[in-house]
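Here's the letter readout for the chains.
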Amino acid sequence: MRWCREPVLDEYAEDGELVVLLPDRRVLALSELASAVLALLAGTAATTDEIAARVAASVAPPTGGQTVTDLESLLLQMSELGLIRAV
Amino acid sequence: VTSHGGVLVEALGVRVLLATTDEALAAALREVWHACLATGDALPDVTVPVSGRTREEALEHATQQVTERAVSARAGDLLMLHAAAVADERGHAVLLVGPSGMGKTTVARTLGCRWRYVTDEACAIDSGGQLLAYPKPLSVKTGSAPKQQRSPESLGLTPADSSASPVGVLLLDRGSQDDTLDVEPLRTVPAVALLAEHTSYLTQLQRPLHRLADLVHAVGGARRVRYGEATDLEPVVAEALEASG
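Residue numbers (my numbering), protein chains in the order written: chain L, 3 to 89; chain G, -13 to 231.
It should be emphasised that the hints constitute simulated quantities derived from the structure, not laboratory data. Since the model is a prediction, treat every value here as computed from it, not as a measurement. Treat the hints loosely; a few may be bogus.
[As the list claims (entries may be wrong)] Taking beta-carbon pairs under 8 Å as the criterion, some of the chain L residues facing chain G (in silico):
no.: 1; residue: Arg4
no.: 2; residue: Cys6
no.: 3; residue: Leu20
no.: 4; residue: Leu23
no.: 5; residue: Asp72
no.: 6; residue: Glu74
no.: 7; residue: Leu78
Each residue gets a CB set at the ideal place from its N, CA and C atoms; glycine is no exception.
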């Protein structure tokens, strides 16, 4: 499955963390792993395996109880939140 | 009653006409809005008809309407936070952010006895990072609706008369009266997300999250404060003001 980002109204990143303002006015502060996923999907789509490989290289596991093996679950959660979508 | 047919006040840079032909009501409005009375002959930007079954109800309605209309008029321009604020004589201000019912008016009333009263519920920050003074009437609970509208002066407060530079942002978390003071520094990203919950018209700003982050950076980081009584906050506010040099 390939994933791409959904548009946001604004986003702010600092120290590896990201906060986004969604079109429905929700504001979400993302975990380091979710922030990394959104960062690597900027302007491009990627498969779950591609995301896993690139995130593993950029995020030191474990982060906040999450590991890269949780990635598929995380991607589904991010999709439900309207941050990314399957293409 | 002015030549415009009411009482003209200035709220967040917006000239609001509180329209009434009732001389006694106009006198009461002038008294409670004393710190915000407009000067000059410019026409009002907004007109709010003042009405109510009783004078207290009309005064409460006027306070709500002025704030709502002023905040609405400056949407997309000012960063609006649901917050009280006090400032020192140098014009350095501490914002106390929280939702309705968190006790912001009590906090403003308590801390405003020591510092200058900026506002009790609507902090507006311009693109230069300056906090606009909005020393509106305080809505004081009397046990039954409507809340009594009191001028800051009548409560012994000194209203701020000009804009101020924020040097502290405290996210209020009121516990029980027995709770001890607990101050937790927040990283920028969580602070931005928490502050965003207490804003109005956020999506109408250009790069709104950056505006919030700019505020957080300007004050050296936001802090969450759990407290029991409004007086508990006094040393935290004093520390923020003293640390600003």
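Status of each hint after checking the structure:
For Arg4/L, the interface hint is violated, since its Cβ never comes within 8 Å of a Cβ in chain G; the closest pair sits about 28 Å apart. A cut of 8 Å between beta carbons decides the hint on Cys6/L: the least distance to chain G is about 21 Å, and the hint is violated. Satisfaction of the interface hint for Leu20/L is found here, the shortest Cβ-Cβ separation to chain G being roughly 7 Å, below the 8 Å cut-off. With 8 Å as the threshold, the beta carbon of Leu23/L comes within range of chain G, its nearest partner Cβ sitting at about 6 Å, so the hint holds.
Annotation: Asp72/L was flagged as interfacial toward chain G, and the flag is violated, the nearest CB pair being 21 Å apart, outside 8 Å. Taking 8 Å as the C-beta cut-off, the interface hint given for Glu74/L is violated, the closest approach to chain G being about 25 Å. Checking Leu78/L against chain G: minimum C-beta separation of about 22 Å lies over 8 Å; hint violated.
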